[in-house]
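Novice: Sequences are here, hints too, so could you generate the full structure?
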Amino acid sequence: MKRLFVLLLLIGLAFTGQARAGVYNPRLFTLDNGMRVVVLPNHRAPVILHMVWYKVGAADEPDGVSGVAHVLEHLMFKGTPKHPDGAFSRILAQNGGQENAFTGYDYTGYYQIVASDRLGLVMELEADRMTNLVLSEQDFQTERAVVLEERNQRTANSPAARLSEQAARHLYP
0 MKRLFVLLLL IGLAFTGQAR AGVYNPRLFT LDNGMRVVVL PNHRAPVILH MVWYKVGAAD
60 EPDGVSGVAH VLEHLMFKGT PKHPDGAFSR ILAQNGGQEN AFTGYDYTGY YQIVASDRLG
120 LVMELEADRM TNLVLSEQDF QTERAVVLEE RNQRTANSPA ARLSEQAARH LYP
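Sequential numbering from 0 applies to the sequence shown in numbering that gives the first Met the number 0.
Simulated from the structure, these hints should not be mistaken for lab results. Incorrect hints may have been included.
[As the list claims (entries may be wrong)] Ranges of calculated distance between the beta carbons of each label pair, as one might list FRET restraints:
1. N131 x T29: 34 to 42 Å
2. Y23 x S163: 28 to 36 Å
3. L170 x N131: 33 to 41 Å
Computed from a prediction, not measured in an experiment: that's the story for all the values here. Glycine included, each C-beta is placed from N, C-alpha and C at the ideal position.
Specialist: If you want it as structure tokens, here you go:
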């Protein structure tokens with residue numbers, strides 16, 4: 000009886016994957032500037048998740064230096080001549096949006112969730128900070144301190160986090 004249950008469960012899971020595959024029909028294309036775009040249409044709700052991923056992360060940092068990719072992730076929120084420090088987040092919030100960013104070993108990503116009719120706004124904001132970001136030494140030092148504190152909070156009292164850092168150091172020399 001137990002084997003029959005497991006078999007039926009596995010068959011059900013197999014069909015679930017096929018059903019979901021039809022919901023997301025990805026369209027891929029490359030812009031003239033080399034940027035690759037993936038569009039996953041999903042019309043179940045009138046919202047969009049807009050993401051920009053950069054192929055750069057902790058693995059790209061020089062030996063003996065860590066946290067640079069994470070600091071740069073933070074600095075991307077600092078502003079441009081058109082959208083000064085804080086404007087990006089304020090504009091998104093005024094339009095009912097949410098945002099965040101994340102850094103991994105070989106990527107850095109930024110995302111926004113907004114009503115689907117705000118997609119153009121989000122794309123304009125991302126394009127602006129992609130090409131016109133303004134940084135200062137003070138910005139760098141401030142965000143460096145924030146990232147160091149984030150790291151301390153995550154790892155200081157967490158043996159698992161320290162083990163993960165050690166493993167990553169050996170896996171990604």
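Novice: None of the hints should be skipped; say for each whether it holds.
Specialist: Now for the hints, and whether the structure bears them out:
1. N131 x T29: 34 to 42 Å: With Cβ atoms ~23 Å apart, the hint is violated.
2. Y23 x S163: 28 to 36 Å: holds (31 Å)
3. L170 x N131: 33 to 41 Å: Check passed, 36 Å falls within 33 to 41 Å.
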